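Residue numbers (this note's numbering), protein chains in the order written: chain U, 26 to 363; chain H, 26 to 363; chain Z, 26 to 363; chain F, 26 to 363.
Treat the hints as calculated values from the structure; they're not laboratory data.
Do not take every clue at face value.
[What the hints assert, rightly or not] For the chain F half of the interface with chain H, some residues (derived, Cβ under 10 angstroms), not all of them:
(1) T238
(2) N273
(3) I280
(4) G298
[As the list claims (entries may be wrong)] With a cut-off of at most 25 angstroms between alpha-carbon atoms, the simulated BS3-like pairs for lysine-lysine come out as follows:
(5) K92/F with K92/U
(6) K92/H with K301/U
(7) K95/F with K301/H
(8) K220/U with K220/H
(9) K95/Z with K301/U
Computed from a predicted structure; not experimentally measured.
Just so you know, even glycine gets a beta-carbon here, dropped at the ideal spot from N, CA and C.
4 protein chains.
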Amino acid sequence: MLVVMNRQATAEQIDAVVAAIRRMNLTAHPMPGSTRTAIGITGNLSAVDPRSLEVLPGVEELLRVTKPYKLASREMHAADTYVRTTQTTVGPGTFTLIAGPCSVENEEMILRTADFLVSKGVRLMRAGAFKPRSSPYSFQGMGLEGLEILARARQRTGIGVVTELMDTDNADAVEQAADIIQIGTRNMQNFSLLKRVALTSKPVLLKRGLSATLEEWLMAAEYVMAGGNYNVVLCERGVRTFSDHSRNTLDLSVIPPVKHLSHLPILVDPSHGTGKRDYVPAMALAALAAGADGLLIEVHPDPDRALSDGAQSLNFAGFGRLLDWLRRLAEPLGRTIN
Amino acid sequence: MLVVMNRQATAEQIDAVVAAIRRMNLTAHPMPGSTRTAIGITGNLSAVDPRSLEVLPGVEELLRVTKPYKLASREMHAADTYVRTTQTTVGPGTFTLIAGPCSVENEEMILRTADFLVSKGVRLMRAGAFKPRSSPYSFQGMGLEGLEILARARQRTGIGVVTELMDTDNADAVEQAADIIQIGTRNMQNFSLLKRVALTSKPVLLKRGLSATLEEWLMAAEYVMAGGNYNVVLCERGVRTFSDHSRNTLDLSVIPPVKHLSHLPILVDPSHGTGKRDYVPAMALAALAAGADGLLIEVHPDPDRALSDGAQSLNFAGFGRLLDWLRRLAEPLGRTIN
Amino acid sequence: MLVVMNRQATAEQIDAVVAAIRRMNLTAHPMPGSTRTAIGITGNLSAVDPRSLEVLPGVEELLRVTKPYKLASREMHAADTYVRTTQTTVGPGTFTLIAGPCSVENEEMILRTADFLVSKGVRLMRAGAFKPRSSPYSFQGMGLEGLEILARARQRTGIGVVTELMDTDNADAVEQAADIIQIGTRNMQNFSLLKRVALTSKPVLLKRGLSATLEEWLMAAEYVMAGGNYNVVLCERGVRTFSDHSRNTLDLSVIPPVKHLSHLPILVDPSHGTGKRDYVPAMALAALAAGADGLLIEVHPDPDRALSDGAQSLNFAGFGRLLDWLRRLAEPLGRTIN
Amino acid sequence: MLVVMNRQATAEQIDAVVAAIRRMNLTAHPMPGSTRTAIGITGNLSAVDPRSLEVLPGVEELLRVTKPYKLASREMHAADTYVRTTQTTVGPGTFTLIAGPCSVENEEMILRTADFLVSKGVRLMRAGAFKPRSSPYSFQGMGLEGLEILARARQRTGIGVVTELMDTDNADAVEQAADIIQIGTRNMQNFSLLKRVALTSKPVLLKRGLSATLEEWLMAAEYVMAGGNYNVVLCERGVRTFSDHSRNTLDLSVIPPVKHLSHLPILVDPSHGTGKRDYVPAMALAALAAGADGLLIEVHPDPDRALSDGAQSLNFAGFGRLLDWLRRLAEPLGRTIN
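Please construct the entire structure, taking both the sequences and the accompanying hints into account.
See the structure below:
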C-alpha cells in the first residue's frame, strides 16, 4: 500500500501517518520526493481499512497495491481449477451446458425437460425450487416438493441437478438434492449464506451480483473457499447499467480478466443477461468465443406458458438449433461441448 | 398494460395476442390505429410477467401502466406513515437522528457513545453486532455478545437500539435487542430475510440496495408489509455508479419521488454514502433540506482506531458541530430534530 | 402515446389533459377503466415532449409507444444497409476489418502499417490525425500533416482510410482524405458536427457515446441520415459503468437489438472497449460470434513506444494471430473476412 | 506513479520496466519487498499513458499518484476563484441564481422573463438560442435571431445573459451576446470547442458530462484554463446511472470533493438534474445546503406551452416561492443570494 502525502504536508503530519501505520503492526517506508512524500507500507495488509489512513491530516490519497483475495487468485494458485460432479467436469478445454427451466412447475415438465436434455447429451439441468422474485405476489417456487421432483428426475434420467439455495434454513435439503448449489445474484454478498455453503460437500455456482465489481465477486468466492469449499464456479449473468436495450448488460468482457486474475471456471447465463429469447443464441455463441467455460441457459417445454421468465426461455427446438451452432463453433476453438 | 403491435403485424398475430391475454384471465381491448394496433389490458395484473407477451410474433413492445407495489404506495394509502419506537417517532415534521459506531467493539465504547448521544438529545443509537464485510478476513462483528452489550447500554441510558440482522438464524435475538431492525444494502433482496422480519414486532429500517431502482426498493418494503409488518423506514445510503469521487453516489434526488410514490418515511445515511468523514456534514445538511425524515450517521469515540469504517465516522466533537448546524437549518424549514 | 391518470384524478383533470393534447394538434382517445382512466394519443408525435403532459394535475405517468427514429429504423426500412467504399463493402455476410494505429505519428510507421495490412488482405486502415485527448498536455495529433501522410499511404498502397473528424473547421480536409469519416464517442451528440457530416459524400462511422442508450445512438444516426447521408456504420466501443476490470464495458449485447431495431451495419472496437491488448483477441472473436459486421482494431508496429493508446494496440504478430483465429471462426458462421 | 510487479516477476522483467521508464525521461526507484517489487516513478508525469507500462511482462498493475490537472487544482492554487461579470460575482459566500427558459422562443417571453427576474433581484438570465436536441426533428433554437433578442433584453433590463455555444462557427456571435458562455453537457469533451472558448474574453459555464468523472470534468476545465481563460464555473446537472426515478441522477455529493480538489466555483442545475418541476425545489434547497455556489434553474412564463423542457420549468409563482425558501435557508448558512 502507498500513502501519498499532499504537497503542503508538514513533517509532523508525515510522522503521524508513520505512527498510525506502526500502530497497525505494519512497516512504514517514507519516500521523500521533490514535490511531495509518499510512504510505502508492507506487512499483512489484508485486514487494513485503507480509508482510515486516508483521512489523516496531510494525506492526499491512499493506493492499494495487493489484491485482498488469496485462495481465489491465480497469483497464489496458478493452475486452472476443474470442478467435478458425478456427471461431468467444468473447466478449460470443455464447454459445459447447464440447461432447463427457470422454476420447477410440476413433475411432468421436469421429466420432459430432463429426457430432452439427456437425449441431446446435456448432463446438467437447472431448475429452481426456491425462487427469488422481486414481487411478493409472484410465484415463489414449489419449495421442498420441487426438490423432490428434481431428485426423482435425477434418479430416472441420470442428469445432474443445479438448483438455487436462498437461505440457510434449506441448506441441508438443497445440498442433498443438488449436484451443484446455485447462489443467486441477489445473494452474492449474503455472507451468512456463503459461509453456510462453504460447509457443504457440493460445488457452488456463484452468480455475479447485479453491480458487483470483479474484486467483490472474487471476494465472495473467497468466503466460500476460506470456509473449506474449493469447488466454486463463477457465473456472469448481466450487470446493471444505464443501458435499457436488454434486461441487464451481459458483461462478456469480464471473462478475460477473470481468467487472468483467478483460476476458477466461469460460465455465462445469456438468458438472464439479455432477458429476451431472441437475443440468447448470439450471446451464447459470443460467450463460447470469448473463452467462457460453459453456459447456464433457460429451456422450457412451452415458454409462453411458463410460470416465470418465459420470455427469456428457449423452447426445445430453439435449444436444439443453438446446440448445433455451438458444436460447429466449438470445433475450430478446440473445445468440447459437454 | 398496453401491448404495442408493430406496423407489419397481421390480423392473426393480433388475435394470438388477444388469446394469450385471455388465457391469463385478463381482458383485452384492441385499439386499431392508422399505422399500428395497440391492445389495452385490464384486470389483476400484479402477477403477470410482461415479457411473456413481448416475445409473441408481431409485438413491438409492452408498456406497463400500473405500479406493482400496493401497500407501500401512496396511491393506495395517502396519509404519511409515522413509525413509532419506545423512544421517538420517525416521520414528516420531525428529523430523527440515529447515530453511533459502525460496529460494537467493546462495552466501554458503546457506553461512552450512548452517554454522549443521550447528552445531545439523540434517542436512537446504531451499532452493528453482526457485520457484513466484503472480506472473510475482516472483523465480522461481536455477534450475540455484541447484542448483550447493546441491551445493557439501552437499559442504562434509555437510548433506543438500531442494529442489523443478517440472517434468519439470529432473528429472535436481534428482535429482542433492537428497537429497530436494520436490513443492510446487500440484503435488500434477500427475500427469505424480508419474509422473516415481516413476522417480528419491531420496525424495519430497509436500506436501499447498491443498484436498486426505486420500484425494486418499494417492492422489498412490500415484502415486509405483505407479511404483516407495516412499520418500514426506508434509508438511502448511496448507489453504485461510474462515479469514483466518493465511495458510493449518495442519491438525494430519490427523496422527492419516494415522498410522491410512497407514504413511508425515508432516512439518509451520508456516512456510507460518501465514505469520507469530511464530506458527511455537507450531505447531512443537504438531506435535511431535501426533505428526508432523518439521518443514520456514524459516530465513534476514536474514529482513527475504529475496527471498521473509521474513515467515514465523525468523532464526538465533529458530531456536536454537525448537530448545531442541523438545528440552525431545521428551524426555517419548520422541522424538529429528535 | 398513452397518458395514465391516477386513481384520484377528477373529470376536470381528465378534460384538461385532453385539451392539452388537442392544443398540440393531436387526437386524444380517453379510455375509462375500473380504477383509473388512460388516454391514448395519436397523430404526429415526433416533436412532442412527453414530460409536458406528465406534469399536468392528475397524471400518473406517460408512456411512449413509438420510437422517435425513422430513417434509421428497420420498421421503416426492412432491408439491411450495405455501406460501400472504393475498397470494400460493410454489411451482413462479410466481416470487415478496419485496423491501424491510434494516431498518425510519422509517415514511416503509417506506410509500414499500410503495407502490412495490405499484405494480410485488410482493405481499410484506421489512424487519427486529430486526436481527442482528455488532457490538454497530451499529444493532440499531427493535424493536416497527418491527413497528408494518410493520403500518400492510400495512394501508394490502395488501402482505404478511416479517420476522425473532430470539428466542422476541418470537415473539408477530412472528407477529402478519408474513405470513411469517423465521429468519436465524445462527439456522438455534437449535433453541429453530425449535421456537417450529413453534407459530405463519404460514409460515416458513428461511435456510440460513453453512456448513450441505443435510442440516443440511433437518433444520432438519424441526424446524419436526415441531413441526406444514408451511409452510416455504427460502432460499439465500450460504455461507462461501475465496472473497473477494464477501461470501459464493451457492450456486445447491443448487437442483437441493433440488428432488430435498425438496418444499419455495426462494428465493434475491442481495443477501446477493453483498453488492454491481452483482452482484445477474446473480445474480437466474441464480436464475430455475436453477429457484428466487423471490427475497428488498433495495430501498431511498436505498441510499447506508441504516442497514444499503446497499451491497447496489438503488434503485427499479434494481429496476424488474431486474423488466423477470426478466419477459422468465420467459416462455420458463413462469414467472409474482408 | 508506482509500478507494482507481480510475485513471479523476474529480475529481467524488472530491469525492462526500469528501462521503459527511463526511455520516457523519467526516474525509476525500484523498491524490492518480501513478496514482490514495486517501482516508484518521479519526473514530469503529465504526458505519460500509464497503461503502456501496465502491459509489460511481469507488471501486475500501475498506480497513479498525481492528479493530471494543474491549473484547476486547489493544490496548485489554494485560494477560491471568484468569477466576475458586469452584473455580479460567482463564488463562495454568495449564492448566484441564473434563471430563465430553456430556449429563446420569441422576444415577448424573453422580455417578460427578464423583467420578472430583475424584479426579484436575479442578475443573470439563462436562455438558449442554439439548442442541442436529441432528435433532428425537434425545435433547434432560434439561432442568431435568438441572440439578438437576448441582447435587446440585456440592454433594456440590465440583466446578464448566459447562453450556450454549440460550435466554433458561432463563437464570435455568442461571445458578443453573452456575459457567460455555457458549454453543454454533450460538449464537455468537445475539445475543439473548449480550445475555442479558451480564447474568448467571457467566463465559461462548464456543465458536467453525462458520465464524466470528476477528474475528466476538471481536465475539461483545464483545457479552457490552459488556453488562457481562467474564468471557469463548473455546473453539476445530473449524471447517467441505472436509476430511473428521475431524468438523470443529480449528484450533489460531487460538491464537497470539487471544493476539496479545485478552487473553481460550482453551480447546480436541478431542472435538468431531475427533469420534473415538482422535484426542483427540494433539490435546489439541498444544493444550497450542500455548499454549491449557486443554481442554474429553468423558469418559463407558461411552462405547459414551452417549446422545450417545459416539464422541468417552474412558472413565475413557483420560482417566487422557491426564492423565498432559498432566502430563509441562506441566512443561517451565512450566504447571500444574488
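Evaluated hints:
1. Nearest Cβ of chain H to the Cβ of T238/F: about 6 angstroms, under the 10 angstroms cut. The hint holds.
2. Using the Cβ-Cβ criterion of 10 angstroms, the hint placing N273/F at the interface with chain H is satisfied: the shortest such distance is roughly 8 angstroms.
3. Contact between I280/F and chain H, as hinted, is supported at the beta carbon level, the nearest pair being about 6 angstroms apart and thus within 10 angstroms.
4. Nearest Cβ of chain H to the Cβ of G298/F: about 7 angstroms, under the 10 angstroms cut. The hint holds.
5. Distance check on the hinted pair: K92/F and K92/U sit about 23 angstroms apart at the alpha-carbon level, within 25 angstroms; holds.
6. Between the alpha carbons of K92/H and K301/U the distance comes to roughly 22 angstroms, so the proposed pair stays at or under 25 angstroms and holds.
7. Restraint check for K95/F and K301/H: the C-alpha separation of about 24 angstroms stays at or below 25 angstroms, so the hint holds.
8. In summary, the hint linking K220/U to K220/H is supported, as the alpha carbons are separated by about 21 angstroms, within the 25 angstroms threshold.
9. Among the hinted pairs, K95/Z with K301/U is consistent with the structure: their alpha-carbon atoms are about 24 angstroms apart, no more than 25 angstroms.
Violated hints are absent here; each numbered hint is respected by the structure.
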